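Undergrad: Sequence:
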Amino acid sequence: MSSYFTQFATPQTQKAYLSGLGIQPQTQSDLLKELMAKSSGVGGVGGGSYKLPEPPKPQVPTLSLDQMMDIINRRVGLMVDPQIEGLRRGLEEERVAHQARVGDVKAGYEDARAQLQKMGEANLRQGATTMRKRGLYESPMAVDLANRIQRQTAEHGLKLEDEQARILADLAEYLATRERATTEEIQALEGRRGEWAQSLLDEMEQRERDRRDRLEQQAFENWLAQEAMKHQVWQANRPSRGASSASTQVGYKDILEQLQMAALMSMPQQQQFAYSLFGPDYLLQQMGGGQPRTFDELMDQELMRYYRGLPRDEQLAYLKDPLNRR
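For the sequence shown, this note's numbering gives the first residue as 1, with consecutive numbering after it.
It is possible that some hints are incorrect.
[To be verified] In silico lysine-lysine, DSSO-like type, Cα no more than 30 angstroms apart, as pairs:
1) K57 - K230
2) K106 - K118
3) K159 - K106
4) K133 - K118
5) K118 - K159
By construction, these hints were calculated from the structure, which means they are not laboratory data.
Only a predicted model underlies this, so the values are computations on that prediction, with no experimental measurement involved.
Given the sequences, and given the hints that come with them, work out the whole structure.
TA: In structure tokens:
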């Protein structure tokens, strides 16, 4: 029997389910005894064995890659875009503040130069007044004093120019540093956008796989419960069916199918799910005590045990007409 799990389950999923199989199943002999106890007088309408159908193949809706990426891009955008917007807004505010600081510096030094010019002119007037009082207004001494005052005023003016240029350069360097740092932070966030998107994609794909496996397992468990109920009804109605066609004999295939159904019903849930993954071969291995056997070897052994449990007269009848081996 094939199953949709063998077509859609990933090797990792199969391995995970197999690794959890630690409960020993019933022995082959116990299962056969249970089968024979339940199947005495097999026969009737529809044949003498319960036909186990294929497990269902549910259509599990999953998100496409485009749908997942649309969700992921929105989620990553909520994480990254506000940070980038905050950095850009902070940089713009810094630029506005820079312009204000530059304007303040220029205005301050403009006032300083104006004050220096006034002080120079005042010193010249005071020197000229002093020289006039002493009668030296036109003398070389008066000219030399005026020249010194002008040189000092010019030197102070140059110092003010240098200080202003240095401060403006520092302000420009500070702004450039802030711009570089902000640009690097934005680039780092853009780089992490891709990393976060890939991480979220892996997480979402894993959740989709888990959800699909969970729904498929639930569908299989529901199917198994329904089949178990049908099997119980079938078992309860066997006497009436057997009375109408008591001559129907138990065949080789009947024994195999009944044995498989009894084994499946007696297994723990994990092993039942493993049966859905690997089909009858897994059942036959579990019935054989965990040791691999060929199909023919296992069934020959079971038929021999079945034969030995028959009354003497039925054994002789079996030797004359074997169980429709097919």
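Undergrad: Compare the structure with each hint and give your call.
TA: Each hint tested on the structure:
About 19 angstroms separates the Cα atoms of K57 and K230, which keeps this hinted pair within 30 angstroms; it holds. For the hint linking K106 to K118, the alpha-carbon distance of about 18 angstroms falls within 30 angstroms, and the restraint holds. Among the hinted pairs, K159 with K106 is consistent with the structure: their alpha-carbon atoms are about 14 angstroms apart, no more than 30 angstroms. The suggested pairing of K133 with K118 holds, with an alpha-carbon distance near 23 angstroms, which does not exceed 30 angstroms.
Restraint check for K118 and K159: the C-alpha separation of about 16 angstroms stays at or below 30 angstroms, so the hint holds.
Violated hints: none; the structure is consistent with every hint.
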